[in-house]
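Just so you know, the protein sequences line up as chains A and B, in that order. First residue of the first sequence: 1, per my numbering; consecutive thereafter. First residue of the second sequence: 1, per my numbering; consecutive thereafter.
Hints in this document: simulated from the structure, not taken from any laboratory. Some hints could be false.
Counterexamples of contact, computed for chain B against chain A with all Cβ distances above 10 Å [what the hints assert, rightly or not]: (1) 119; (2) 283; (3) 289.
Straight-line C-alpha distance at most 20 Å; calculated PhoX-like pairs for lysine-lysine [unchecked claim]: (4) 286/B / 236/B; (5) 22/A / 286/B; (6) 107/A / 236/B; (7) 135/B / 154/B; (8) 336/B / 322/B; (9) 356/B / 374/B; (10) 135/B / 81/B; (11) 243/A / 154/B; (12) 286/B / 322/B; (13) 183/B / 2/B; (14) 81/B / 2/B; (15) 2/B / 243/A; (16) 243/A / 236/B; (17) 356/B / 322/B; (18) 55/B / 81/B.
Estimated spans, in silico, between C-beta atoms of each pair [unchecked claim]: (19) 200/A / 234/B: 15 to 25 Å; (20) 261/A / 158/B: 25 to 35 Å; (21) 49/A / 217/B: 50 to 60 Å; (22) 272/B / 242/A: 22 to 32 Å; (23) 289/A / 225/B: 43 to 53 Å; (24) 111/A / 154/B: 22 to 32 Å; (25) 200/A / 130/B: 21 to 31 Å; (26) 349/B / 49/A: 21 to 31 Å; (27) 352/B / 225/A: 45 to 55 Å; (28) 43/A / 248/B: 44 to 54 Å; (29) 240/B / 19/A: 51 to 61 Å.
Every residue gets a Cβ at the ideal spot worked out from N, C-alpha and C, and that includes glycine.
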Amino acid sequence: MSIFVDDDTRVVVQGITGGEGKFHTEQMLAYGTNVVAGAVPGKGGQEVTGVPVYDTVDEAVDAEDADASVVFVPPAFAGDAVFEALDTDLDLVVAITEGIPTQDMAKVNKRLSEVDTRLIGPNCPGIITPGEAKLGILPGNIFESGDVGLVSRSGTLTYQVVSNLTERGIGQTTAIGIGGDPIIGTSFVDALEAFEADRDTKAVVMCGEIGGEDEEQAARYIAQNMDTPVAGFIAGRTAPPGKRMGHAGAIVSGSGTGTAESKIGALNDAGVPVGDTPNEVADHIEDFL
Amino acid sequence: MKLHEYQAKQIFADAGIPTPDSRLASTVDEVMDAVNEIGYPAAIKAQVHVGGRGKAGGIEIATSEAEAREAAESILGMDLKGYTVDNVLVEAGVDFENELYVGITMDRGEGEPVAMVSTEGGVDIESVAEKTPEKIAREHIDPAFGLHPYQARKVVFEAGIPADVAMDVASILGTLYDLYESKDASEIEINPVMITSDREVVAADAVMNIDEDALFRQPELAEMEDEAAEDDLEAKANEYGFDYVRLSGNVGIIGNGAGLVMTTLDLVDYYGGEPANFLDIGGGAKAERVTHALDMVFADENVDSVVFNIFGGITRGDEVAKGINEALAGFDEIPKPVVVRLAGTNAAEGMEILNKDLVQVEGTLEDAVQRAVKNAEEVEA
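Isolated chain A, as found in the complex:
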C-alpha cells in the first residue's frame, strides 16, 4: 500500500517540452511511472520521448485517461498552469516549480478550497511510492520499498534522511515533499492523516523547518489522532530572525514565531522524538519497528 500515487497512476506532464520537463519525464518513465501525456500550449501533436503532447491539460486528460499531473512550467506561468489542472477532472496535481509569486498561490489556494483535486507543492521534489511510481524529481535509486512513510518540506533533506533509512535496510511506503513555500497545497496534517489510514505504513518521518506554524498544527494532530509512531527533524535551529533561509517559507518572523525551538517543543509534547541529526531520526525509526 501507499498514499496518493501507485502503479495505476496515469500522469500528464505540464511543460514536457522544456529542459527540466523532458529530462524528468525520461527519469520518471525509467522508474516505471505511467507518463501518458504531455501538455504544452502550441505543441499539440508532437511527441517527447514517445509521450504524446496536447495543447491543453483537458485534452490530455480526455485522450489518455490521466488522473495526475506534474507541473514543470516556469514560475511566471506556473500559477496559471495549476489553475488549468484544477479545472479538469485530475485527482492530483504535483507542482515542482520553485519561485511562484505568493499572491498567485493565494489565488490558487482559494480555488483549491472549491475543488476535490489534491495539490502537492509548489517548490517541492514531488512524491514517490518506491517500486511503483515517482511524480517529480526525486532520485529514485536511493528509495526502497518498505514500511516507513516520510513527509518533508525540503527536497535534499528528504534525500539525506531517506538514505540514512535505506542504508539500514529500512524501506518506505511513500515519500512526499510538500514544498518550502509559504502557501502550499497538501500540508503535514493532510499527509499524516493519509499515512495513519494506510495499513502498511508502520512509522512516519516528518521533516519540518523554521517558518509558519504547520509543524505545530501537525504536532496537535499527532497527539490527538495518530497511533502510528512519528519521528521528527526540524531544520533551521541556527537561523537568525528576519532572514529568509533559501525557501520563501523558511523565515523566523521578528516576533519570534516559526522558530525551531517552538516546533521541536510542540513535537516533543506530542510524544514525537526529534533527532539532532538526520541519522538520529533513523535511530528513532529503527526503535519503532
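Knowing the structure of chain A, use the given hints to seat chain B on it.
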C-alpha cells in the same frame, strides 16, 4: 526584499496617500538645503533596515538650523546596529494628536492576506499583538476579489478609530491593498498613521516588503534592489543568484537545497562550531556556479574553514567536482581548508574527478561537518 522608508513613501505618495513633505539627503549640506525648503520642526531619519531606529539614535527632530546640522552630523555615517547610515530622509515634522497602525500581510495559516488596524500606533505592533491582541482588528481578504470597501470600513470601525477620521483611514487601507496586490508586496504597513491637530491623517512611516519571487514582473521595484541591499557579499550573492545569508561564525557552508543547507548549519552548531553563512547553490548547478560559490565564501574574511555538502537529485556530483577543481586550481595555496561530501546523483563519478590533493573528503554529513569544525578550531588556535 525590503524597501527603504523613502522608497516606500514615494510609492505611497504617488498612490495618493498623504505623506509629509520630505527630501532624501546623503551629505550634511544636502540636509541643510532640505530643511531650508521644508522648514522647522523637521525629522531627520536614518534610512537603514533596522527596527527601533528612533531608540538607537537614528531619528532626531530639529527645531533650528543648529539642531539640524548637529543631527545630520551625528546620523550620517553612524553605525546603527551594524549598518552604516548613508542616507537620511529629511521630513516635515507633524503636529499630531493620535498615532494609529494600518497594515496588510499574508496570513500563511489561512493562505490569504489579512488587513490589520489598531489605535495603538507608534509602537512595535508585534508587542501589541502579543500583550493586547484585542487591540488589533483583523479582516481576512479573499485574494480573488480583493479588499471590499465595506471590509475596510468594518475593520476600521472595529478597531475604534475616531469617527471623524474613520473614512479617511478606510480610504488609506483601500489604497494600501491596491498597492499590496499591484506591487506584489508580502507586507505593507504604516506605523504610525498620525492624526494631526487639524484632524488630517498622514503616513508618518512606510514599510513595504516585496515578494522576491515576483520581481520578474515588477521591473521598477527590481531596480531598487541594489539600493536596498546592505551587505557587499549579499549584493554579490544577488548578482550570482544564490540564496545567501551572512552569519557571524567562521565555518563557511555551501550546499544544495534550503533544508539540507540549514541542516548543515545546525550540525556545525551541534558539533561546537559557528556557521559563517548559509549558501544554497540551488538545484542542477553547473561547474561555474560551484566556482562562484567557493569564491564567495573565500571572500568572507571571517571564514576559517569550509564544508561543501551536496546530495544530488537534479544536481550532479561530477559537475560539482569539476567546479570545485576549477575554483581551487587558481590558487598556489588553498586559502582555507575545504571538506567535501558528495552523495546522490553521479556522486561516484564526482569522487573520481575530484582533485583530492586540494580538498578533504568525507563520506557522511556528520563526519564532514565535524572535520570542518575541527579545521576551524585549528586555524583559530
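Status of each hint after checking the structure:
With a closest Cβ-Cβ approach of about 20 Å to chain A, residue 119/B is found to remain outside the 10 Å limit, as its non-interface label requires. Against the 10 Å criterion, residue 283/B falls within the reach of chain A, whose nearest CB is about 8 Å from its own CB. Listed as outside the interface, residue 289/B is consistent with that label: its C-beta sits roughly 15 Å from the nearest C-beta of chain A, beyond the 10 Å cut-off. A threshold of 20 Å between alpha carbons decides the hint, and for residue 286/B with residue 236/B the separation of about 18 Å falls inside it, so the pair holds.
With a C-alpha separation of about 18 Å, the suggested pairing of residue 22/A with residue 286/B holds against the 20 Å cut-off. Taking the CA atoms of residue 107/A and residue 236/B, the gap is near 34 Å; set against the 20 Å cutoff, the hint is violated. Of the supplied pair hints, the one linking residue 135/B and residue 154/B holds, its CA atoms being roughly 15 Å apart against a limit of 20 Å. Distance hint between residue 336/B and residue 322/B is fulfilled; the C-alpha atoms sit about 19 Å from each other, no more than 20 Å.
Distance hint between residue 356/B and residue 374/B is fulfilled; the C-alpha atoms sit about 19 Å from each other, no more than 20 Å. For a cut-off of 20 Å, the pair hint linking residue 135/B to residue 81/B is broken: about 30 Å separates their Cα positions. A distance of roughly 34 Å separates the Cα atoms of residue 243/A and residue 154/B; the hinted pair therefore is violated under the 20 Å criterion. In summary, the hint linking residue 286/B to residue 322/B is supported, as the alpha carbons are separated by about 9 Å, within the 20 Å threshold.
For the given pair, residue 183/B sits about 13 Å from residue 2/B by alpha-carbon distance, which is consistent with the 20 Å threshold. Distance restraint check for residue 81/B and residue 2/B: the Cα-Cα separation of roughly 17 Å lies within the 20 Å cut-off, and the hinted pair is therefore satisfied. A distance of roughly 11 Å separates the Cα atoms of residue 2/B and residue 243/A; the hinted pair therefore holds under the 20 Å criterion. Between residue 243/A and residue 236/B the CA atoms are separated by roughly 17 Å; this keeps the pair inside 20 Å, and the hint holds.
Simply put, residue 356/B and residue 322/B have alpha-carbon atoms about 12 Å apart, close enough for the 20 Å limit, and the pair holds. This hinted pair checks out: residue 55/B and residue 81/B have alpha carbons roughly 11 Å apart, not beyond 20 Å. About 47 Å separates the C-beta atoms of residue 200/A and residue 234/B, a value inconsistent with the hinted range of 15 to 25 Å. Against the hinted window of 25 to 35 Å, the Cβ-Cβ separation of residue 261/A and residue 158/B comes to about 34 Å, which satisfies the hint.
Here the CB-CB span from residue 49/A to residue 217/B is close to 32 Å, at odds with the stated 50 to 60 Å. Taking the beta carbon of each, residue 272/B and residue 242/A are about 26 Å apart, inside 22 to 32 Å as hinted. For the pair residue 289/A and residue 225/B, the beta carbons lie near 50 Å from each other, so the given range of 43 to 53 Å is met. Distance hint for residue 111/A and residue 154/B: a CB-CB separation of about 25 Å, consistent with the stated range 22 to 32 Å.
Our hint of 21 to 31 Å for residue 200/A and residue 130/B is violated, since their Cβ atoms are close to 44 Å apart. Roughly 23 Å separates the CB atoms of residue 349/B and residue 49/A, a value that falls within the hinted 21 to 31 Å. Checked against the hint of 45 to 55 Å, the pair residue 352/B and residue 225/A passes, with Cβ atoms roughly 49 Å apart. The hinted window of 44 to 54 Å between residue 43/A and residue 248/B holds, with their beta carbons roughly 50 Å apart.
At about 20 Å, the CB distance of residue 240/B to residue 19/A disagrees with the hint of 51 to 61 Å.
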